[in-house]
Structure formats: structure tokens, C-alpha cells
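Kindly generate the complete structure, drawing on both the sequences and the hints.
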Amino acid sequence: FLLLLLAAVALTVFVATQAGSYDIKEEKVINIPRASLFNYINDYSNWNNINILTDTDTTTVYTFSDTTSGPGAYASWKTGENEGEIKTLKIKDLDSIVQSSATGTNTSKIYWTFKDTLNSTKVSVRLKGNLSFTEKAYALLSGGTEEQIESALQNGLQKLKTFLANEINNYSVAIKG
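Be aware that the sequence shown starts at 1, since it is given in the numbering used here, and climbs by one per residue.
A portion of the hints provided could be inaccurate.
List of simulated lysine-lysine pairs, PhoX-like, C-alpha gap at most 25 angstroms [as the list claims (entries may be wrong)]:
no., residue 1, residue 2
1, Lys136, Lys115
2, Lys109, Lys136
3, Lys78, Lys122
4, Lys176, Lys25
5, Lys161, Lys128
6, Lys109, Lys122
7, Lys25, Lys87
8, Lys28, Lys136
9, Lys87, Lys28
10, Lys92, Lys78
11, Lys78, Lys128
12, Lys25, Lys109
13, Lys87, Lys161
14, Lys161, Lys109
15, Lys159, Lys128
16, Lys136, Lys78
17, Lys122, Lys87
18, Lys92, Lys136
19, Lys176, Lys78
20, Lys115, Lys128
21, Lys161, Lys25
22, Lys78, Lys115
23, Lys176, Lys92
24, Lys28, Lys122
25, Lys115, Lys176
26, Lys136, Lys90
27, Lys176, Lys161
28, Lys115, Lys159
29, Lys87, Lys128
30, Lys87, Lys159
31, Lys136, Lys122
Derived from the structure by calculation, the hints contain no laboratory data.
All values derive from a computational prediction rather than experimental measurement.
This is the structure in C-alpha cells:
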């Protein structure tokens, strides 16, 4: 019994002394004009197409503020037991977006930047936040928070790239009259 108690105390101390913050950045070049990509990401009504924060769950239900883009706009979502909210704090037109995100007890800041490249846009998304004791313990058991967040951001950016490329390629204008 004492050995189990000592092991539990040692594990608790180990988890408590782990780094509780993360700062993860992912980038992707997308063959879309910067203005189109910026406006698409800035408008929360588009987020149900890419599920960038809810990973691959297609059962996610979104709720939006009256204004879905710009400072003060927000979206909330529910996926099974998980709930979250994201809010736009500030934007610099066609250049960057700063958002705050809350999922369960985890809060983080999301920084988007958009740079022109040759016939494309380089989009960067950076996620900064802190973990609670429970989240640090879960991260320790599941292989680390950074790997999970990096994977979610990579998947989200890839879905964004695929979705927008498909939309652009399938878009057509018919002139009648």
C-alpha cells in the first residue's frame, strides 16, 4: 500500500512539474488569392466546412453570433460531450487575425497570418495556451499535447486547402441574356 501511495505521489509531482504551456505554429501554401483566403477564414459561417478546431467529427453543431466576421464575432460548437467557443479579438485587414478559443477548461489564443507568394497565399496558424493539471496528465498518457495540436492544425489546414481548391475548381459563371 505504501509503495502504491509513494508511486501516486511521485506521478503527481512529475505531472505537476511538466511544462504547462504550448506554442505551436503550422504553415501551408494554398493556391488561393490572399483576400479570398483571409475573408473565408475571418467568416465563422464557413468554419463548418473545414472543422479546423473540431478535427474530423462531422456531427459538430455550430452556433454563430449575429455578425459572423470581424472583431467581436464568435462561434460556438458542440460535438458529443465536447463544447467550445472561438471569438475574434482583432484583425488587420488581409494580413492577420487574432482569436481566443475555449474548449472545456483549456483557453488559447490563435494567430493567423497571410502572406502573398507566387500565385498563392502562405497561411500560418499559431496556437498558444496553457494546460491545467488534468490536461497535462492526459497529454502525458496520450503522447503529448504538441503532437495532438500539431496534427489537428495540419489536418485543418489541409482540409482548408482541399475544400477551397475544390470550390474554386467547381465554380463556374454562366452569363445569360
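Here's how the hints hold up against the structure:
For the suggested pair Lys136 and Lys115, the alpha carbons sit about 34 angstroms apart, so the restraint of at most 25 angstroms is broken. This hinted pair checks out: Lys109 and Lys136 have alpha carbons roughly 18 angstroms apart, not beyond 25 angstroms. Using a Cα cut-off of 25 angstroms, the hinted pair Lys78 and Lys122 is violated, with the two alpha carbons roughly 30 angstroms apart. As the CA atoms of Lys176 and Lys25 are separated by approximately 46 angstroms, the hinted pair breaks the 25 angstroms bound.
Only pairs whose Cα atoms come within 25 angstroms are accepted, and Lys161 paired with Lys128 is accepted, the gap being roughly 23 angstroms. Taken as a hint, the Lys109 and Lys122 pair is honoured in the structure, with Cα atoms around 20 angstroms apart against an allowance of 25 angstroms. Our distance criterion of 25 angstroms between C-alpha atoms is met by Lys25 and Lys87, whose separation comes to about 19 angstroms. For the proposed pair Lys28 and Lys136, the alpha carbon gap of about 28 angstroms is over 25 angstroms, so the pair is violated.
A C-alpha spacing of about 23 angstroms is found between Lys87 and Lys28, which places the hinted pair at or below 25 angstroms, so the restraint holds. Using a Cα cut-off of 25 angstroms, the hinted pair Lys92 and Lys78 is violated, with the two alpha carbons roughly 29 angstroms apart. Of the pairs offered as hints, the one joining Lys78 and Lys128 holds, with about 22 angstroms between alpha carbons and a cut-off of 25 angstroms not exceeded. For the hint linking Lys25 to Lys109, the alpha-carbon distance of about 12 angstroms falls within 25 angstroms, and the restraint holds.
Proximity of Lys87 to Lys161 is assessed by CA-CA distance (about 22 angstroms); at most 25 angstroms being required, the pair is judged to hold. For the hint linking Lys161 to Lys109, the alpha-carbon distance of about 22 angstroms falls within 25 angstroms, and the restraint holds. Pair hint Lys159 plus Lys128 holds up; C-alpha atoms about 21 angstroms apart against a cutoff of 25 angstroms. The hinted pair formed by Lys136 and Lys78 meets the criterion: a straight-line CA distance of about 23 angstroms does not exceed 25 angstroms.
Proposed proximity of Lys122 and Lys87 is supported: the alpha carbons are some 23 angstroms apart, at most 25 angstroms. Straight-line distance between C-alpha atoms of Lys92 and Lys136 comes to about 34 angstroms, which puts the hinted pair past the 25 angstroms bound. A threshold of 25 angstroms between alpha carbons decides the hint, and for Lys176 with Lys78 the separation of about 43 angstroms lies outside it, so the pair is violated. Pair hint Lys115 plus Lys128 holds up; C-alpha atoms about 20 angstroms apart against a cutoff of 25 angstroms.
Our distance criterion of 25 angstroms between C-alpha atoms is met by Lys161 and Lys25, whose separation comes to about 17 angstroms. Distance hint between Lys78 and Lys115 is unfulfilled; the C-alpha atoms sit about 32 angstroms from each other, more than 25 angstroms. For the hint linking Lys176 to Lys92, the alpha-carbon distance of about 38 angstroms lies beyond 25 angstroms, and the restraint is violated. Between Lys28 and Lys122 the alpha-carbon distance is near 6 angstroms, which keeps this suggested pair within the 25 angstroms criterion.
Between Lys115 and Lys176 the CA atoms are separated by roughly 37 angstroms; this puts the pair beyond 25 angstroms, and the hint is violated. At roughly 29 angstroms between alpha-carbon atoms, Lys136 and Lys90 are farther apart than 25 angstroms, so this suggested pair is violated. With a C-alpha separation of about 31 angstroms, the suggested pairing of Lys176 with Lys161 is violated against the 25 angstroms cut-off. For the proposed pair Lys115 and Lys159, the alpha carbon gap of about 19 angstroms is at most 25 angstroms, so the pair holds.
Distance hint between Lys87 and Lys128 is fulfilled; the C-alpha atoms sit about 15 angstroms from each other, no more than 25 angstroms. With a C-alpha separation of about 21 angstroms, the suggested pairing of Lys87 with Lys159 holds against the 25 angstroms cut-off. Only pairs whose Cα atoms come within 25 angstroms are accepted, and Lys136 paired with Lys122 is rejected, the gap being roughly 32 angstroms.
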